[in-house]
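Given the coordinates of chain P, work out where chain U should sit on it, guided by the hints.
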Amino acid sequence: MPHELTPRNRWDPEMSQPTKSHVELRSGAYADSVALLQVSRDVAAIDGVLAAQVAMATPLNVDVLAGMGFDVPAASPNDMVVALRVHDDDALDRGLAAVQRSLAAAVRRPSGTTGDGALAPHRTTATALRSEPDALVLVSTPGTSAAVEAMDALDAGADVMLFSDNVPVAQEVALKRVAAERGLLVMGPDCGTAVVGGLGLGFANVVQPGPVGIVAASGTGCQQLLSLLDFAGVGVTSALGVGGRDLSAEVGGLATREALRRLDLDESVELIVLVSKPPAPEVAAEIEAYVASLGTPVELALLGPGRPDLTAATETVLRRLGREVPTWPVRVPGVSHLGGPGSLLHGLFVGGTNATEARLVVESLVGPEAVSSAGHTFTDFGDDAYTAGRAHPMIDPTIRLEHLARVADDRGTGVLLLDVVLGHGAEADPSSLLAPAIAQVPQPVVVALVGTAHDPQDRDRQAQQLAGAGAEVHLSNAGAARRAVELLRGGA
Amino acid sequence: MDTPTSVVTVGTDLLAGAVEAQAVPVTRVDWRPPMPGTEDDLVAVATDPRRADANARALAAMLAVQATLVDVAPASEVLGLERGQFLHAGPPIEWDRAAGPLRGALMGGAALEGLVDDPQDAVALFESGTSVSLEPCHHRDAVGPMAGVVTPSMWMWVLEDAATGRRTACTLNEGLGKVLRYGAYSPDVLTRLRWMGDVLGPLLQAAVRSAEQVDVTGILTQMLQMGDEAHNRNRAGTLMLLRDLAPAMVGAGEPDDVAEALRFVGGNDHFFLNLAMPACKLALDAARGIDASTMVVAMARNGTDFGIQVAGTGDEWFTGPAQLADGLYLGEYGPDDANPDIGDSAITETAGLGGFAMATAPAIVRFVGGSVPDALATTRRMHEITLGENPRWSVPVLEFQGTPTGIDVARVCRTGILPQINTGMAGKLAGVGQVGAGLVTPPAEIFPAALARLADLARTRTGAPA
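Order-wise, the sequence lines are chains P and U. Numbering (this note's numbering) for the first sequence: 1 to 492. Numbering (this note's numbering) for the second sequence: 1001 to 1466.
Take these hints with a grain of salt, some might be off.
[To be verified] One side only, chain P facing chain U, incomplete, derived with CB under 10 Å:
#1 56
#2 76
#3 96
#4 135
#5 161
#6 170
Derived by calculation from the structure, the hints in this document are not laboratory data. Heads up, the beta-carbon is just placed ideally off N, CA and C, and yes, glycines get one too.
Just chain U, with the same shape it has in the complex:
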């Protein structure tokens, strides 16, 4: 037999040293015990004969998706959303457990739809719950940043995977500061939303329907090479979108309206986020329902709970308390003003962007309270919990290595490394708006919970004792 050319050791260093002493190179794994109580479930999942193939298929399905912008239209048309129906970010939740920013956004949304005149009056409406209903965006093929509230009159981007015809949708981005998605509902917030519905939406619709289809996945590929991580920095992506849509917008409306729309989009560095998110969801949804796959297909928060969904566990949500982000605050706001983590935007991290691509966005590392070496280390660390790399989305500073893609529930439990999320912070009181931005992780316990379910399914199938 040939002498091994290299040895990977996991465990005691003594044995690694003995190999090195014989002049054979050794790579040492920095092994540590898994999350407490997960040992048996990890074995059950690791020895599930379907796992390796299921994960390979989940990753491949996700990477094969090409997201194209095909339409812009009101939610009533796109999703069939009816009067009194409200979508929100994160896993399912009812009004009585809803956090301040979600309540604020729902109150503003009720006023926008004319259900109440004064947003304050909506409290009674939601408390009674008779004429209104709440449902996660994720349950309707949509995603929403922060509070993620969608009402029938809001205009939405519609993305499609040409190969399968599957579609996802997301609202138009309102900008930063006092905006509905951060829980603000003052008159200026509602005025802006009405302008977006009356002017911006129809303009974008005309432009999208007449222009060449915008390749959203392609823009994501380019913007990652231009310093965007597509969650907290979308500047290059926004400008590329303008580049693609502006010519068609020019002929689609009154010059003053066009100018105002171009100013609005160009002045909002986050405008592209609402295209990045549904593009990520479109890709991840391709991996849903693959039995025995341990890949995470959604991470989402409603301001109270943080939930994940996994390819091999159907529509089940595994939830725990949303955490407070660690970062920087706007103006005089401080940690006491912040609401726990909220929004569907962690779909970007689930797809390998945002915090996972932090290494490619050194310009914003200070904004989220980090340093450039931290950013490089974060992206490298995320490779330890992901199934593969995205060959399209590469990071120049890491020798064009693909972004870490396909979070593996088992790998998270084994290493204790939690997904790193870049996020904005909403004020915890309804009506306040954004108070800062920073870094956050999911509550650790939701990963062992998902693993336990995967392990039960594996044992049931193989007939092994539970």
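Here chain P stands alone, though its shape is the one from the complex:
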């Protein structure tokens, strides 16, 4: 399916076919960003519809619509925008009918577990927990409302995973203080991945049970570990996310301590791995002291300048467990991209830790000053700035695909470095859109494909599609970054 939002596929004003635009605001209408992504796709597939975007009118989404050439009137983030570009009035009618149909399907939620269709679903976490008092709570509302739902969970004595991002740090601290008083766990905010007693939440990869327990302040860092351990044949019982700011001075590692405590109590855990940026200095000593007090050994995988990358950390874990360290797999491209005159490395990531790790690896090879002075870039499309009112790029690839086309058109670009992250909640078939886009890129492309053999997307098929389009595909993100530098230096 051609992607309607990339510049090269966008409606071309010089095309002969007549077109018309339709933009309307629907106030009081709401659906979540993932549901609206599906609506937009359904409508864009209608004959005679050239482009379609149905989204909540957040500033980011209004920008995206403007980029598509739509003129959006003044709107609030609580308004839904329906924007269509069509050939003629008939197509507009078909398109609007499709909007109607698809929205109805999106908001018609399956009834609760009772099977009684007459019961309306609960409207708050607090009231839902009345009938499910032992539940774990998974919050993925917009960040402005996430703390309220999470507090409902803590008030009811439930652990909570906060998938939501855009949650202010003061609210995170408030939640985690309450949780610490009550012996509850707050995973997040912006926690993309967790495995709780074998249950994968968010983007978690499908892993076998095993001797390793993970505490992760980084979702994709956790996923890199899960993927590499899985390839090495080592299972993971639980991987508890704590949110990227947990070891900052403000938060003080409140969730990290609770997560470590939980894993220490779990007799099936032989080795705990703590994945994070290096903690704030005032937190580091406290966490190290806490780690020393536990009965279970803890391997610290702290990603920072001059420290081992996550692949190296995984290798250390394997050695501590007495396991063999495998050769991490690489799939070579099916067709070669010869590249142009450019000399810049552009990294376009959906995983924040993948972006950070790639930057650290490249800096270690060419020097930090060289990276910034040359203008190499490492963009994280999962950053809060790209996700207000939009689904995460692991679900909605629109914005990264747009940038990919733009960067590939830039004569300065020498090598492109991407990540593709698989797992439960992630896009069902990421290569279906990404591989055709990569095929059009003239420069060499290196992809870090983070996933396990049993992920629903079928990792090996994804690798095959991406390599077929001309990408070199690595399981190790650090390995991919090193390879990108080699290619930049003219290596074959």
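Just chain U now, with coordinates in the frame of chain P:
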């Protein structure tokens, strides 16, 4: 760690589906954005460390109250009401903003007290305002249905919470149709009120003082199982009250007077409403003044404004325009004849009765323009905005689930679900009386206003930036 046995998801459906695919049951919250502009205040209130405990205490205090009927006496004795003092329903209001039914009731009340001979002459009296004063019933430990006008000579029920000695009061119910509380003031209205003062009041006083004390909370418990929701249907409650008082009434007066009084009470299905209301107020007042509690302790209307008071915000009223009810009209009356919502009777909904207990009163769903499935859905929906359930007041058709109790300002703002009120409709012109009955909600904006105040108080206390 153990595998979770169930997961509650709030937000994107994709993540819920991924959990279900791993054979773990999921309960999905039907989350929607909160009322516009409330996000920050909701967080401030949710993260107020005092909130959870304050709400638990407010709910418990309310549920612990046992209302007993202890006396019947004139308002001059019960409340110390003096000549020229008028109480009315709802938040404070002055004559110039008063709606037709309230003006009509005040005019009739002035004539009843002998301040004027002709009710029409009272207009000048209230316009000048020099010898008369208006004050909400709620400010004097009382409640009044519809216009809620109380004057010194009107007889009142007196209810008491034995554990604390706190008392509340309410006038005696006049019946339906052309009655003072609906704004009618014709001679027959005044004649009835005089009979109530001369004959009915003293009879009831003698009966209450000599009979075993009537457990009003207990009657409410029973009547909910007999098809009453205690706001628009009080038939079973009225008959149980008669059962308790009739023997003592028989010996308390002349046979003709007793017979007329029994006929009057037995012929007025709403007679018990004026006991249900002060019982609800007695319970809710126990939760007043609990800092940081987001529980609503009063909803009341004066025909112009709809006001709420909240446990954590003291005596402050949060008001907005009273709304027109949606329902059925008597005779040839229509929507153009109706006055906006009026009366303190929404105290029943505040306490979990009336519209909140609609599921238990299928007999009147048509009267207020609904259907039986609507009634079940309404009670279930009210559980989404309340802090708990009343274990005493249960609804048989909902598997004896307790009525939804303790309206949470924050929960209303989060869900946009407004409290559902069953109500009578008064004619908008003074003197007309009742024109219909139906369903109504408060104006939405008063809940964000109350929330903002709670949030300010929370921020002031924690020193967080406003």
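Here is what the structure says about each hint:
At its closest, the beta carbon of residue 56/P sits 9 Å from a beta carbon of chain U; the interface hint therefore holds under the 10 Å criterion. At about 7 Å, the closest approach between the beta carbon of residue 76/P and any beta carbon in chain U falls short of 10 Å, and the interface hint on this residue holds. The criterion of a C-beta within 10 Å of any C-beta in chain U is not met by residue 96/P, whose closest approach is roughly 23 Å, and the hint is violated. A least Cβ separation of about 4 Å between residue 135/P and chain U falls short of the 10 Å threshold, and the interface hint therefore holds.
Because the beta carbon of residue 161/P sits about 9 Å from the nearest beta carbon in chain U, less than 10 Å, this interface hint is met. The beta carbon of residue 170/P comes within 7 Å of a beta carbon in chain U, closer than 10 Å, and the hint placing it at the interface holds.
Violated hint for the displayed structure: number 3, the only one.
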